[in-house]
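J.: Could you build all of it, start to finish, from the sequences and the hints given here?
2 protein chains.
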Amino acid sequence: MRIGILGSGLMGGKLGTIFARAGHEVVFSYSKTKGKLERLARDAGSRASAGSPAEAARDADALLLAVHWSRVDDVLKQAGNLSGKVIVSCSLPMNAKDTALVVAHTSSGAEQLAKKIPKARVISAFSTVPSEVLFSVFESANRAARPNLVYCGDDTKAKKVAAQLITDAGFDPVDAGPLRIARFIEPFTLLVGQLAYEGPRGPALAYRFEWFDERG
Amino acid sequence: MRIGILGSGLMGGKLGTIFARAGHEVVFSYSKTKGKLERLARDAGSRASAGSPAEAARDADALLLAVHWSRVDDVLKQAGNLSGKVIVSCSLPMNAKDTALVVAHTSSGAEQLAKKIPKARVISAFSTVPSEVLFSVFESANRAARPNLVYCGDDTKAKKVAAQLITDAGFDPVDAGPLRIARFIEPFTLLVGQLAYEGPRGPALAYRFEWFDERG
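If you read the sequences in order, they're chains A and B.
For the first sequence, our numbering begins at 1 and goes up steadily by one.
For the second sequence, our numbering begins at 1 and goes up steadily by one.
Watch out, some of these pointers could steer you wrong.
If we take Cβ atoms under 10 Å as the criterion, some of the chain B residues that face chain A in the derived model are [what the hints assert, rightly or not]:
no., residue
1, Thr-17
2, Val-161
3, Asp-168
4, Phe-184
5, Glu-186
6, Gly-202
7, Leu-205
8, Asp-213
Heads up, incomplete: computed chain A residues facing chain B, CB under 10 Å, no partners named [claimed, not checked]:
no., residue
9, Ala-22
10, Gly-23
11, His-68
12, Trp-69
13, Asn-142
14, Asn-148
15, Pro-173
16, Phe-184
17, Trp-211
18, Gly-216
Below, computed lysine to any residue pairings styled on SDA-like, alpha-carbon distance capped at 20 Å [stated by the list, open to error]:
no., chain 1, residue 1, chain 2, residue 2
19, B, Lys-77, B, Ala-100
20, B, Lys-97, A, His-105
21, B, Lys-160, A, Glu-198
22, A, Lys-160, B, Pro-200
23, B, Lys-97, A, Thr-106
24, A, Lys-116, A, Arg-146
25, B, Lys-160, A, Arg-201
26, B, Lys-157, A, Pro-200
27, B, Lys-77, B, Thr-106
28, A, Lys-97, B, Thr-106
29, B, Lys-160, A, Pro-200
30, B, Lys-36, A, Ile-117
31, A, Lys-115, A, Arg-146
32, B, Lys-77, B, Lys-116
33, A, Lys-157, A, Ile-117
34, B, Lys-160, A, Gly-199
35, A, Lys-160, B, Arg-201
36, A, Lys-97, B, Arg-180
Simulated from the structure, these hints should not be mistaken for lab results.
For every residue, glycine included, the Cβ atom is placed at its ideal position computed from N, Cα and C.
T.: What follows is the structure, encoded as structure tokens:
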């Protein structure tokens, strides 16, 4: 697949690198400096390049949205026409200080995003693990029990694309249902963040659901 | 320990039974019928009995609050003076139809509960797994990697009691921090519920966090 990265910070930079190493063609875009994008592309190998958001979006099979919430409108504007595009978003609707969600409970960042680009196919994924765990999971993807990664969305075809990218990144995808489930997934991300950044065991944290036979 | 069960429905009934089987003295209270309480106590063995909420609270080392949110005020009133008591709550702040949280984002059910009983020591725990998984986890507690159970609260001593009960139930407790983290834990419960009750793999679902060595 050809994957455009909108926002090449910690999450976008690492996920783009992983997608390129997994065999996809990747265009990094929207970083503070052009040099950062070029360095990311060089380090990610021959399938990666640096470009503008419009270049990242052009002919993309999927776009990863990984900007701070305050930058969403700007990057979408720079990306241009996103009709029909699969948008996999890990952008949480955080305030400027990154201390609290600004959209929650009766809506979610993913739902607000979908309203901004109604002709695109928005999937919420990749927000629920810290960037610090991504390379560790990718490099241990041959293990028996991969960590899970939940995702949700309203478009069946787009969900298949997201599930493939989640698998390619070393996780075992868990379909959590329609896009409105992001109302639960986004606060879950803050729980994971609390454990990762305030807990004693460090930020390289993932999770796995386990189904049992029912007894009793 | 002596543990009072306030609300002997699906969660309270099963957890009380598990606590009694783990060696604690348990008093079941607050069910629709007295017969239900007596049946629960009989099935849970010689360490279990049936009583009123006030009898459950008397001399209790911990109280499990497991009523529907609409019943919280009533059961607290019936329980009487809860000063100094450890209250382990798995009561989610759901609306009457159980379709949405009525407290979220800027507060949580656990925090609202703590405001109702300011002299008690409130811990949020046990809400994050479906009742359907409890016996399965308890009966497989000797496995190498137990499922986790997150809990939070502001009182160190009460957190130790809660962690012990979580361990006794077959889980590996994860301290998620202060009580306000219930703002993230309660929506996470709804995510777990979505996977358990709307997903293809059934309701006997638990979860485990996994910490990796950080790479890259």
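J.: With reference to the structure, classify each hint as holding or not holding.
T.: Each hint tested on the structure:
{"no.": "1", "hint": "Thr-17", "result": "8 Å, holds"}
{"no.": "2", "hint": "Val-161", "result": "20 Å, violated"}
{"no.": "3", "hint": "Asp-168", "result": "16 Å, violated"}
{"no.": "4", "hint": "Phe-184", "result": "4 Å, holds"}
{"no.": "5", "hint": "Glu-186", "result": "8 Å, holds"}
{"no.": "6", "hint": "Gly-202", "result": "6 Å, holds"}
{"no.": "7", "hint": "Leu-205", "result": "5 Å, holds"}
{"no.": "8", "hint": "Asp-213", "result": "6 Å, holds"}
{"no.": "9", "hint": "Ala-22", "result": "14 Å, violated"}
{"no.": "10", "hint": "Gly-23", "result": "18 Å, violated"}
{"no.": "11", "hint": "His-68", "result": "20 Å, violated"}
{"no.": "12", "hint": "Trp-69", "result": "15 Å, violated"}
{"no.": "13", "hint": "Asn-142", "result": "14 Å, violated"}
{"no.": "14", "hint": "Asn-148", "result": "8 Å, holds"}
{"no.": "15", "hint": "Pro-173", "result": "12 Å, violated"}
{"no.": "16", "hint": "Phe-184", "result": "4 Å, holds"}
{"no.": "17", "hint": "Trp-211", "result": "5 Å, holds"}
{"no.": "18", "hint": "Gly-216", "result": "3 Å, holds"}
{"no.": "19", "hint": "Lys-77/B with Ala-100/B", "result": "25 Å, violated"}
{"no.": "20", "hint": "Lys-97/B with His-105/A", "result": "17 Å, holds"}
{"no.": "21", "hint": "Lys-160/B with Glu-198/A", "result": "19 Å, holds"}
{"no.": "22", "hint": "Lys-160/A with Pro-200/B", "result": "17 Å, holds"}
{"no.": "23", "hint": "Lys-97/B with Thr-106/A", "result": "16 Å, holds"}
{"no.": "24", "hint": "Lys-116/A with Arg-146/A", "result": "34 Å, violated"}
{"no.": "25", "hint": "Lys-160/B with Arg-201/A", "result": "19 Å, holds"}
{"no.": "26", "hint": "Lys-157/B with Pro-200/A", "result": "19 Å, holds"}
{"no.": "27", "hint": "Lys-77/B with Thr-106/B", "result": "26 Å, violated"}
{"no.": "28", "hint": "Lys-97/A with Thr-106/B", "result": "16 Å, holds"}
{"no.": "29", "hint": "Lys-160/B with Pro-200/A", "result": "17 Å, holds"}
{"no.": "30", "hint": "Lys-36/B with Ile-117/A", "result": "53 Å, violated"}
{"no.": "31", "hint": "Lys-115/A with Arg-146/A", "result": "33 Å, violated"}
{"no.": "32", "hint": "Lys-77/B with Lys-116/B", "result": "10 Å, holds"}
{"no.": "33", "hint": "Lys-157/A with Ile-117/A", "result": "17 Å, holds"}
{"no.": "34", "hint": "Lys-160/B with Gly-199/A", "result": "16 Å, holds"}
{"no.": "35", "hint": "Lys-160/A with Arg-201/B", "result": "19 Å, holds"}
{"no.": "36", "hint": "Lys-97/A with Arg-180/B", "result": "18 Å, holds"}
Hint violations for this structure: numbers 2, 3, 9, 10, 11, 12, 13, 15, 19, 24, 27, 30 and 31, all remaining hints satisfied.
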